[in-house]
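Quick note, the sequences are listed as chains A and B, same order. Letter by letter, the first sequence follows residues 1 to 225 of our numbering. Letter by letter, the second sequence follows residues 1 to 403 of our numbering.
Simulated from the structure, these hints should not be mistaken for lab results. Warning: the hint list may mix true and false statements.
Each computed SDA-like pair below joins lysine to any residue, with the alpha-carbon atoms no more than 20 Å apart [to be verified]:
(1) A:Lys118 x A:His84
(2) A:Lys119 x B:Arg320
(3) B:Lys94 x B:Asp218
(4) A:Lys166 x A:Arg82
(5) A:Lys116 x B:Arg320
(6) B:Lys217 x B:Thr83
(7) B:Lys2 x A:Glu122
(8) A:Lys76 x B:Thr83
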Amino acid sequence: MINIPLIRFADVSKVYHLESGDLTALDHISLDIQDNEFVAIMGPSGSGKSTMMNQLGILDVPTSGELFISGRDVAKITALERTHMRRDMIGYIFQNFYLIPLLSAYENVEYPLILKYKKRDESGKATAILKAVGFDEAMSAHRPTQLSGGQQQRVAIARALVNDPKILLCDEPTGNLDRKTGFQIMDILCGLHSKGKTVIIVTHDPKIAEYADRTITLEDGRIAA
Amino acid sequence: MKDIFFDLSVRSVRLNLMRSILASIGIVIGVVAISSMGMLGTNMQLQVKDQLSSGADTIVITADAVRMGPPGSGSTSSSSSATGITKTQLSKIKLAAGSTSKLVPVYLTNTQFTYGSVPGRGSVYGFNPDDITKFLTIENGTNIGGINDALVGSTFATNFNLKIGNRIRIGQDSDTSRPVLRIVGILAARGMSSDNVNTDNAIIVSDDWYTNQYGGKDIYKQVNVIVKDINTIPDVKTAIDTKLNTDKKTPVVRISDASSRLSGITSSLSSITTFILAIGGISLLVAATSIFNVMMMSVNERIQEIGILLSIGTEKGEVRRMFLYEAVILGILGAGVGGISSLIIGYSVVSYMIGTTKYFFLPESIMYIPVGMAIGLVVCILSGLYPAWMASNMDPIDALRSE
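For reference, chain B alone in the conformation it holds in the complex:
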């Protein structure tokens, strides 16, 4: 059965089609803003989670941040470990981590270099060559064999068009001594890794070459502990903490794993997502004002009609329903077009901003479209409540007199 009040609402919308479409466009924009921004934020989180999960079996130990000593002590650091992990600490870590875990001490600095006549700047990691294959993948070439051999990250190789056998000169032009490294291998892309070893845009050298060049032997930037069983991470962390941070008030090392780093990053991304969703929400607020305005216009233009309806026995609830249907129609129109637009615009935004759409159709991402549509529809209905209430409570005598 077709509801006569729904018919009246449809005809009223048709009668003022242009005005109705313009009001609905506000809802379309709001739905697109909420859905697209929500999907963008979620896709960012999913990508970060995906990238960080590659180092889920790794505990990263760094020297605790430089801590200011007590006033008047003249010290800027609470311990010698402020500059890095020492050999003694490495031994303690090894003991605490147990024999099943693999340890990867990491040297790290930044440097200038030239390839041919092209200058550049990048990170230099120093590893024991035997450690490299424990957690890095050599895509082309071989591992470091000689003292002057080096590996480079995939982005680094692409940017400088480097190939196996090419040579790069380390240091500035003004340096008196500029050692040359021969590229023997190119690493597979790692993306943003949770173990803080970001090799895509870096040069990897042997620990011996590194300490010869930069000094600081046995003072490591960080130590990565790769556990055999991911479930033992909490126990290993506790063991290392007990062994090294004997004074809980002044810990000497900071111990973190993928989950703690992941929660920190996703928390930040969630805040950003909420913020951009709120911006989308503002556009829906504007749309709500527009719908409210259109509904009020509709009520004011139909005062005499409302008077007729009430005088011949239409119940207040039926008049209310008629105007709410009108708000629902505008909402469905706006939310429907908004949903379809969100799919297209959201896909384009995610593709452009993140560079991949492989997470776009996952439920936690795509759900923002129905959520945005539902919010748009609810906003429309809420905007129609007062005009509908006003129409149903008109005095039929006054309404009939209205011209």
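Chain A on its own, in the form it takes in the complex:
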């Protein structure tokens, strides 16, 4: 039986055409990530980690090569289909949390559900998922600016999970948190991995990378290890 990976980079390159010349951010990357893997991506600044995350998050498409996510070549689908894949298949957790400032914690979590079902959440899913990350009703009514960094990241995790995505992309999720809160967040991510999610995390911190099943190290846009 052929085992089709959840994510496949097939000789993927990403070249940025700058005034100073072409910059190759990803250089002929070939990589498979299986369903329910926990992968850490490490590497120095400028090694191509962010570019790889943008490719995984379907925010960008390769200059050459093919990237398959759940068996679909992301460069060969329409922009709207890519948007729907981002909404339905991928949960994005950012270093800077990136919550929507005009919405409350609850509304931030409810937002992806509204995008998907085109109506307000009446199932209680947003409330349940907030509860799972330690938010009660009173805290859920707060705007992001009224929350601590750890609380904001919990809301961001809840938002990433609410549409039950297959893949969780975490870009330095503990980068803006104190050590204790950072480990709490990692415990949540490990719990999600154990429940079947594929977790891909970009980090500079080897301690964080230890949580992963596999570590991929990038250097100058290539896989070094």
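Mind docking chain B on chain A? Use the hints.
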């Protein structure tokens, strides 16, 4: 169901409330300008139509305008009728108009006079006293009976505080002979009448007194033909034209009725209304720039937020909708306040400029308020199109990097 994108727009407007209000004030001014100016123009037209409709059954015949003769002829007029309607022409008019029509020959000049020691100047109409009651209403007093009797218009009487029995002396102080007229009646106000007989600020004397004083017997300024049936006006006009203007290249009389004069006046008023509406339109153009500016500021301040929305699966159309809602909110705010202000300001302007508001609430006048509001709203939406398009087409990666 409340739309989350509408909620986001409302919150964005609230967050920048002062800026939003200032931008909306531009729309308020534009809506008020368009609505008020439109209503003013329409009220003017309605008033003129109303006043002219009082003479709708009257055909006015005047001698054709002085026409220059062919070069070298030495003539300044193509016919003797250039100075007025002659007795012969009057007879022809009478024949053409038929027995059911009433004819009113009109003498007219301007004169100076004094009442007591107060000097004045005004029009003097000369009529056959029997004709006066055919088309004028004597509000106080009686019709002209004696040779030195006179009627005066209502404005004239008010301005000089004249009463029945008072006497006015005609001519300048330096004149050797200054006849005296005794006022026997005051006419009802006519306003601007379509038959060219504007008596409100005039003295009305008998035709005999007039010709004794000023000469020109049987040379009339104009002849009014009052028809019995208003539908016969075109036929009567044609009959008079055929009878008198035998040479079509050099007509001797000009024949007009209320509808032709009305269309001329309303056409002029329409042009004025369009012009002042265009001035109102310019203020909306300025408002559009202001709304565009505010929308661009809103987009530029929210670049990172747009990046977040796009990166977590918001469709471009949804981002576009969010910014268009913002433009609509500003538009509704501006148009709403503008509509209410238009009602108040428009009413005051019409009352002050026209002197009456009896036409203000008629549909053709009041419709300028919803029209102005709709234009204001459309201008807002148009101003928001480009910023909304720009927001929806941002690259989410670049937008997320924005600080």
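Hints, verified against the model:
A distance of roughly 13 Å separates the Cα atoms of A:Lys118 and A:His84; the hinted pair therefore holds under the 20 Å criterion. At most 20 Å may separate the alpha-carbon atoms for a hinted pair to count; A:Lys119 and B:Arg320 meet this at roughly 18 Å. With a C-alpha separation of about 14 Å, the suggested pair B:Lys94 and B:Asp218 falls inside the 20 Å cut-off, and the hint holds. At roughly 15 Å between alpha-carbon atoms, A:Lys166 and A:Arg82 fall within 20 Å of each other, so this suggested pair holds.
With a CA separation close to 17 Å, the supplied pair A:Lys116 and B:Arg320 stays within the 20 Å bound. With a C-alpha separation of about 12 Å, the suggested pair B:Lys217 and B:Thr83 falls inside the 20 Å cut-off, and the hint holds. Between B:Lys2 and A:Glu122, the direct Cα distance comes to roughly 13 Å. Compliance with the 20 Å bound is thereby established for this hinted pair. Straight-line distance between C-alpha atoms of A:Lys76 and B:Thr83 comes to about 91 Å, which puts the hinted pair past the 20 Å bound.
Violated hint for the displayed structure: number 8, the only one.
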